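Chemist: Chain residues, written in single-letter form:
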Amino acid sequence: MSLLITMFPQVLMDGIVLGFMYALIALGYTMVYGVLQLINFAHSEIFVLGAFVGVEILLSLKAAGYLSAIPPFVLLFALVAAGMAASGLLAVLVERVAYRPLRGAPRLVPLISAIGASFFLQDAIRLFESLWRNAFYLTYPSVELFDRRIRLGAAIDISLKSLVVIVSALLMLISLQLFVNRTKVGKAIRAVAEDQMTASLMGIDVNRIISVTFLIGGAMGGAAGVLFGIQYSLINPYTGFIPGLKAFTAAVLGGIGNIPGAMVGGIVLGLLEAFSASYLSLLTGGAFGAEYKDILAFSLLIVILIFRPRGLLGEIVAEKT
Amino acid sequence: MRCMWLPRFLALVATLVMSLSVLASQAAAQKGVIKIATQSPLSGEQSALGEGLKNGAQLAIEKLKGDLEKLGFRVELVPFDDQAKPDVGVANAKRIVADPDILLVIGHLNSGVALPASEIYKDQGPNLAMISPANTNPLITDRNYPNVNRVCGRDDVQGEVGARFAKEELKVKSAYILHDKTLYGQGVAEFFRDMAKSFGINVVGFEGTEEKANFDPIITPMKAMKPDLVYFGGIYSQAAVLFKQAREKGMDKALFLGPDGMDSSELVRIAGKAAVGMYYTTVVGPPTIYPEAKDFIKAYKARFGKDPEPFAAQSYDSAAVGLKAIELAIKEAGGKKPTRAQVSSAIRKIKNFKGITGTINFDGKGDPVKAKYFIIQVISDDPAKWGENKVVKTLEIAAPR
Amino acid sequence: MIKETERDPDQGKLKRPAFLLPLLQGAGTVALISLSIFLVKAFPQSLLAFLLFQSSLLVIYYARFTFALKVGLASVVLGLLMPYLGTINGYYLEVATQIGIFVALALGLNIVVGLAGLLDLGYVAFYAVGAYLWAIFGSRQAGEIFSFATFPLAPGWFFVFLLLGLMIAALTGILLGLPVLRLRGDYLAIVTLGFGEVIRVLANNLDKPINITNGPKGITPIQRPPLFFQPVLEGLGIDAPPSVLYPLYFYFLVIMIVVLVILVNQRLKQSHIGRAWEAIREDEMAAVAMGVPLVRMKLFAFASGASFAGIMGVVFSAKQFFINPESFTFMESIGVLAMVILGGMGSIPGAILGATVVTVLNLQILKSLSLWLNALRNSGLTLNLPFIGAYSLSQLPVQLEPAKYERMVFGIILILMMIFRPQGILPAERQRRAGGGK
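Chains as they are written, first to last, in our numbering: chain A, 1 to 321; chain B, 1001 to 1401; chain C, 2001 to 2438.
There could be a bad hint or two in this list.
[Unchecked claim] Derived CB-CB ranges, DEER-like: (1) 6(A) <-> 2331(C): 36 to 42 Å; (2) 2425(C) <-> 148(A): 38 to 44 Å; (3) 1169(B) <-> 2331(C): 41 to 47 Å; (4) 2244(C) <-> 1063(B): 36 to 42 Å; (5) 65(A) <-> 1032(B): 52 to 58 Å; (6) 1302(B) <-> 2259(C): 23 to 29 Å.
[What the hints assert, rightly or not] Derived SDA-like pairs (lysine to any residue); straight-line CA-CA distance at most 25 Å: (7) 1197(B) <-> 279(A); (8) 1249(B) <-> 211(A); (9) 1393(B) <-> 1276(B); (10) 1226(B) <-> 279(A).
[Claimed, not checked] Computed footprint of chain B on chain C, listed as stretches where at least three residues anywhere in the stretch have a Cβ under 8 Å from a Cβ of chain B: (11) 2105-2117; (12) 2258-2264; (13) 2340-2348; (14) 2404-2413.
Derived from the structure by calculation, the hints contain no laboratory data. Keep in mind the model is a prediction, meaning the values are calculated, not measured. Think of the CB as a built atom: it goes at the ideal place given N, C-alpha and C, for glycine as much as any other residue.
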């Protein structure tokens, strides 16, 4: 019994870190969905591209011997920026090639081209890496400072990189929220999300705004990719699938199309996963193991959606046709 | 509109049929072609291992096909991607049995694919020989099929070897067992658990997980229980991340042990210092003792530019022993191309084949008669020094009846 | 296989004598079929010969024959010629059987997604329910749960379980539908996705505390249906071993179920239920206002879609001999969804064609392409390229193994198909009249 209690703060911490990771990825889904009502299946690959750009930079720096010469936080900033740029541009490209030609088509059609784009990108990344490094798995070289652990009391400690994840995620969420609500472009995004036709009549270049949305959502995904790599270290071209699925669930849980919702959904999902994976086996004497975490997560999703059909923070608005 | 489209389409199809048939006829050799198929996942999450399996067989064929060429046959490798899915594996199997030139299948990686596919090889081949480099599940050979063989050990034996070692040499009192929820990983882990319990080791936890990146929620309770040993039944790609995160989270003392899925230099590339000092059980002889294994690693690296994955050496041996059997079958058939059944029975007749994973003899079920098991300790976090890992113990164990 | 008599509106534009065209087409079709049979016989390994044979069905569908003639021709092609080709190359029969299985799945999902407009991302769960149902009772696995009877059940029970699989899958559909059908659009999608994962995770983990599914180890051997017709065959002097009979048996079983599914689908679509579904799809609010019982209709769509998957699941587990959770991943659901949308949502011929195209692409065309490229490389063909000069294909880097990149090509094909035919290959009739979708 005492074990269950002493574990508690550490599990809480684990859950929060995981939750912020999901929240960052969920932003990409939620922004695109808000504007186009499209589940962007290729977002998990956009996320993975960020992770790969990060590891490529780190590995090249390491090979050149500069890795220890650069101050860790400058390095972090540069990595995240590079990941954001690459993923943002890829998202825009995917939109241009696979979604824009289908703007007028029935709603589910872009879903299939999104799946096609996802398949293509996974294996394109694999092809590139197998020719370039002849590798399938890539590992983030460890930066010593980030591996340090900070003790927060007797039974709980957190590594610096986990802290980095939380802080960067918070910063990005806040700036994104400000951007969408306070700037002119943000206003245009909201207008397009509300009603494309009317927005275009008001002189908004809808195509450009959609591109901007993809750019931002993709950039968030890229940042998440780099942070994912730093936090969990091992990536492969198919890494994005599971976190993508979870992040999408988080976005729906919080209320899809809603930016603070993505964060709330992410954290709820992260905590739930951490607690069920850590405690289930202990509580049931090994009868039900950590793998039931997904079952619990999805059951909770169903329960929440029954009582709040538009997610935790979703607003009740008229159904769009 | 349609009337214009149809004839054009038909014309196109007709020309393509013709062109393909031209290509097919040009491929004939003096006495014919003998094809060897591999089936393994070449795309998706498990493709790293699947590709290693294909590469191992490819290397053996490229190196050893000379003997068959002297007899007047051309030898070709046909790689198939089973996507680690049973239905795709079965469809591929039907395709393989439909090509009369294919006399041998090397595969699969996943026992879940091998089981239904081998039914096809046996029934519709008929008796098309399959040699498996990686399917450690007992059920593969317990069906007593005349065409199904494997060069690797069985889960039950490997679990036992690990548990015995943990008890006798490492003298651990408690163990936490994890596995990857696959047929292979869970199988080994369960046998390890049962044997460990019977040896009096306290099993404080037994947990399966499909997780690949974030092991925090698993490590936290594990750390709280302070086991002497952590056993991971699965593949290095998951184990390395787990071990790394466990050490990072402050599990400094626990020993790590795993099955042959750990046998890859990638393990230390990923886990770094966290992997140093860990143990794994395997049937592949370490290159420090076995010159054949050393040559294999060298040749593999020269051909494919990287270190072999787990099961690549077993795959090399599967193809090598298969080629030898085909040669035998050709001689028995009087220099003509043998039937599939002849190749299958020739495989069982092979005696004392010197492979890189030891001396291979198959018993009546298709298991290796005796397999040598090594327990190896990782000595360095430098991937280049993987070949210098220390052999802690060697055991020779016969396959259970 | 294809039973619709609808005519294309632009047919009237053709300026030819009315009686001549069917005659010509009839002669052409027969010629095409005989040619393809001849080609398959001559080149049993040639993919294109078999594709030609498959395309003859499309030609029958498009030709201007009477309905009865179309059905007759299609049954000759599927009932006689296809099994005959199967004796030449057993692989073709496997492809045809898998196509049949996926056609039934696509038709089931077509009701849910195409007709009722409910996006279901976890459809394969119902397939898994059917498959595990027979796998558990048709093997020794059930003995782990129940001690009062001996398992496996006799092979004859297979037919009872076909019905049971259908009913239990439908029941599962209703159980899932009851709480979640209040949700709209993509909220429903994510719940069904979650449900699909839950079923897979359950199958993967229910080996303890009670061993129900045997976890990742899967269940084997699974009973096959009885060869009740063997005495008749022996009486006719045909002595065929089970290894020859079973592929044919499963082929015909699947074809029969597919025909049944098509008939049910067709009747449903044209009944008031089908119209209610389409009303819900187009505008839920308006449908309710017109008196459509929303929840009951949605539940019915879920249940009937699920039941087709359930019955095919039973066949699948008997055919595979072995099942484990790896056959029921999220990607399978996505694959079936791709078939429905690719073919044209809400269209029965569309779903059939979509399932055929995706399966043939995956199992045959992409595989053949990579094998062909592999053969090219093995042959050491030397190309004379500009700038580079003579380049032998055998020098290509080993990483460029064609078999590794089949899925990448599949991805490109999906995108291109959607861009060039956003309404699907064979869009539903009603949408076509309205001028191609919303």
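Chemist: How about the segment 2404-2413 of chain C: do at least three of its residues have a C-beta closer than 8 Å to a C-beta of chain B?
Modeler: The restraint on the segment 2404-2413 of chain C holds, since 4 of its residues have a Cβ under 8 Å from chain B and three suffice.
Chemist: Is it true that the C-beta distance of residue 6(A) to residue 2331(C) lies inside 36 to 42 Å, as the hint says?
Modeler: Since residue 6(A) and residue 2331(C) have Cβ atoms about 41 Å apart, the given range 36 to 42 Å holds.
Chemist: Decide if the proposed pair is consistent with the structure: residue 1197(B) and residue 279(A), CA atoms, cutoff 25 Å inclusive.
Modeler: holds (23 Å)
Chemist: Does the Cβ-Cβ separation between residue 65(A) and residue 1032(B) fall within 52 to 58 Å?
Modeler: holds (56 Å)
Chemist: Counting residues of the segment 2258-2264 of chain C with a beta carbon closer than 8 Å to any beta carbon of chain B, are there 3 or more?
Modeler: That given contact is violated, which follows from only 0 residues of the segment 2258-2264 of chain C lying within Cβ reach (below 8 Å) of chain B.
Chemist: Closer than 8 Å, Cβ to Cβ, for at least three residues: run that test on the segment 2340-2348 of chain C against chain B and report holds or violated.
Modeler: Our answer is that it is violated, as 0 residues pass the Cβ test (under 8 Å) against chain B, missing three.
Chemist: With a Cβ-Cβ cutoff of 8 Å, does the segment 2105-2117 of chain C contain at least three residues near chain B?
Modeler: violated (count 0)
Chemist: Evaluate the given range 38 to 44 Å for the C-beta pair formed by residue 2425(C) and residue 148(A).
Modeler: violated (58 Å)
Chemist: Does the Cβ distance between residue 1169(B) and residue 2331(C) fall inside 41 to 47 Å?
Modeler: holds (44 Å)
Chemist: Does residue 1226(B) pair with residue 279(A) here, judged by a C-alpha cut-off of 25 Å?
Modeler: holds (16 Å)
Chemist: Does 23 to 29 Å hold as the CB distance between residue 1302(B) and residue 2259(C), or does it fail?
Modeler: violated (57 Å)
Chemist: Between residue 1249(B) and residue 211(A), is the straight-line Cα distance small enough, at 25 Å or below?
Modeler: Violated. Residue 1249(B) to residue 211(A) sits at ~42 Å, over the 25 Å cutoff.
The structure fails to meet hints 2, 6, 8, 11, 12 and 13 from the earlier list, while all remaining hints are met.
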